[in-house]
Amino acid sequence: MSDVRNREAQEAAERAATYEWGFTSDIEQEFAPKGLSEDTVRFISAKKNEPEWMLEWRLKAYAKWLEMRAPDWAKLNVPPIDYQDAYYYAAPKKKPELKSLDELDPEIRRTYEKLGIPIEEQKVLAGVEGARKVAVDAVFDSVSVATTFREELKKAGVIFLSISEAIREYPELVKKWLGRVVPIHDNYFATLNSAVFSDGTFVYIPEGVRCPMELSTYFRINAANTGQFERTLIVADKGSYVSYLEGCTAPMRDENQLHAAVVELVALDDAEIKYSTVQNWYPGDAEGKGGIYNFVTKRALCQGRNSKVSWTQVETGSAITWKYPSCVLAGENSVGEFYSVALTNNRQQADTGTKMIHLGRNSRSTIVSKGISAGRSDNTYRGLVRVGPTAENVRNFTQCDSLLLGDQCGAHTVPYIEVRNPSAQIEHEATTSKISEDQLFYAMSRGLSQEDAVALIVNGFAREVLQQLPMEFAVEAQKLLGISLEGSVG
Amino acid sequence: MLNITNLHAAVDDKPILKGLSLSVNAGEVHAIMGPNGAGKSTLGYVLGGREGYEVTDGTVTFDGKDLLDMAADERAAAGLFLGFQYPVEIPGVSNVQFLRTAMNAQRRARGEVEISAGDFLRLSRAQADALGISMDMMKRPVNVGFSGGEKKRNEMVQMGILDPKLAVLDETDSGLDIDALRVVGEGINRIMRKPDKAVLLITHYQRLLDIVQPDFVHVLAGGRIVRSGGPELAHELEREGYGAIAA
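Chains S and L, in that order, are what the protein sequence lines are. Residue numbering for the first sequence follows full-length UniProt numbering, beginning at 1 and increasing consecutively. Residue numbering for the second sequence follows full-length UniProt numbering, beginning at 1 and increasing consecutively.
Honestly, the hints are just simulated from the structure, not real lab data. Hints may contain errors.
[Claimed, not checked] In silico BS3-like links for lysine-lysine, alpha-carbon gap of 30 Å or less:
1) L:LYS14 to S:LYS434
2) S:LYS434 to L:LYS139
3) S:LYS434 to S:LYS289
4) S:LYS154 to S:LYS47
5) S:LYS479 to L:LYS151
6) L:LYS151 to S:LYS434
7) S:LYS289 to S:LYS60
8) S:LYS47 to S:LYS355
9) S:LYS355 to S:LYS60
10) S:LYS238 to S:LYS175
11) S:LYS274 to L:LYS139
12) L:LYS139 to S:LYS479
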């Protein structure tokens, strides 16, 4: 028996030592000068041929950022970040105008293939009658290099562009909504993003349109020392619907890399946005060396009557996660949902949750959070439910479950409830459990390896959230939970 | 099929099994009986490969291979099935998903092709029907919200689907009413009473042995087999109690 265990332990250690998707592709980069200054902001804006108003917007954010301090209220141990010791802009040197994916840089193609991102498959699948079509606005580093299905989306009237293109082609729409949900002075990281965001995605769904396919964007950090500052803006006009998928993997790096994205969603009357994320940035090695700092601001404004926004996230990566996808429920009868699985292993730290701000009458929200902690990691759910004084008949249901693997990890639940209207009904349930020896042995005695047994039990624990994901993501997410826990038991 | 020689095992450094020897051949059903604390469940766990049940001496071979050198999942793939006295709940994982994953893991380990979704569904429906478990229950999370009797019947469904060579059944009869006992007992006969299979029945009581008739009965006491005999030994135990025999 002991030989068997030793062998397993050694194999697990070897696997843990090599991050499966940790590779670097060799593509010429054109960097912004190292460090952060007004000149950096001007460089980025000039590189992107931005109009004057956009540059001014960025400079205003930069000036504000200089006066701000990084937040320290989260249960995170964040090493000091030297903002001058990083590059803020990197893009493939010649931005190709692609007519098809065949024209894509073969190196980039190979990178995608290694990641298992099935762009070609998706194209093939899209040709099959009845198959759901997935449009990929593939973001390589900071610049969009390939956009597919644009024609079909155009027919439906859907605008799906990189945000740089949108700034040039639809300046009025962008001007109207950019910074409406997350103002430029919102918080330290969002303000930094506002100053230096390199690219991202813009989506506009016109009135009454149901977006004909699920939209997905794959983000990927590829250049050493390059912060990734994505900016996403999705506006769903009256009576429209869109489902947006976002997934990330990142290559192995020794230096810590800062990722400070901003996502803004706007839902008007009767509109619905479903936003799903699978986040698998490089988490650092078993000792906590390296890994991505993921400081993200995601917020939705349910402005219209009967509007609905649903956030689903599966967070397995990053050394440090600071992220609270939130809903401002301003519209009457508006609905906000937050379904989250956050998994931390080794030395990872996650402080994540949501804010449901109820301002509209009869607005409702649901929060389901599943935290999984293994190794020596720390995993915190932090959530706010706020009911404004004029918001009648608000309902909220919150469920926070934590699962612990081993005895050196931490799980914490920090709910904030602020109710200023007596008609509100707020429910909060929380559980903490350990994966039991009984469960592991039972599954193994039926033939599952220890790692498969852990993956199965953890997937069962996270099921309520995983079943919210679109099919394409659910399968990937299930695998990811298993992979992320390899070597964490036994 | 199964050869246990001079088996010593300890839990938390406390010796439980102290020199147990037993041979089980294909086509045989052996009953292990004995008082509480004799080491019956420990024997089941040691054979199943549970962590924390440390073998300190002795050997166990299964089909000529060293069983003790295999991890629990390897033992399952080799054809060993352990029926639990207290089947475990796995929230969020359906019975069907659990069993199909397990079955395919076993098949992969044996170098066989995986079973298709359709074939698996047909197989599980047949086994569930035979044990009075509805497909609705098969789609519910493993053992969650099942009654004691349902859990035990579910163990038999699992055994029927996984189709092992050797079943070690730990107090499969406990907590069953008369009707459920009959269903479970007949399930054991149907699935395991075959020339190429064998059963080790761990039980306190005669009543299961009225349905699954053993070829051999062993009395386990103080970590060793103190007496072996034919089916009549179980009746003698039922009449006279363990005290007289184990002494």
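Status of each hint after checking the structure:
With a C-alpha separation of about 26 Å, the suggested pairing of LYS14 of chain L with LYS434 of chain S holds against the 30 Å cut-off. Between the alpha carbons of LYS434 of chain S and LYS139 of chain L the distance comes to roughly 24 Å, so the proposed pair stays at or under 30 Å and holds. Under the criterion of a C-alpha separation no larger than 30 Å, the hint pairing LYS434 of chain S with LYS289 of chain S is consistent with the structure, at around 27 Å. For the given pair, LYS154 of chain S sits about 27 Å from LYS47 of chain S by alpha-carbon distance, which is consistent with the 30 Å threshold.
Taking the CA atoms of LYS479 of chain S and LYS151 of chain L, the gap is about 29 Å. The hint holds against a cut of 30 Å. Between LYS151 of chain L and LYS434 of chain S the alpha-carbon distance is near 22 Å, which keeps this suggested pair within the 30 Å criterion. Annotation: proposed proximity of LYS289 of chain S to LYS60 of chain S is violated, straight-line Cα distance about 35 Å (limit 30 Å). For the proposed pair LYS47 of chain S and LYS355 of chain S, the alpha carbon gap of about 36 Å is over 30 Å, so the pair is violated.
Between LYS355 of chain S and LYS60 of chain S, the direct Cα distance comes to roughly 27 Å. Compliance with the 30 Å bound is thereby established for this hinted pair. This hinted pair checks out: LYS238 of chain S and LYS175 of chain S have alpha carbons roughly 19 Å apart, not beyond 30 Å. Under the criterion of a C-alpha separation no larger than 30 Å, the hint pairing LYS274 of chain S with LYS139 of chain L is consistent with the structure, at around 28 Å. Distance hint between LYS139 of chain L and LYS479 of chain S is fulfilled; the C-alpha atoms sit about 21 Å from each other, no more than 30 Å.
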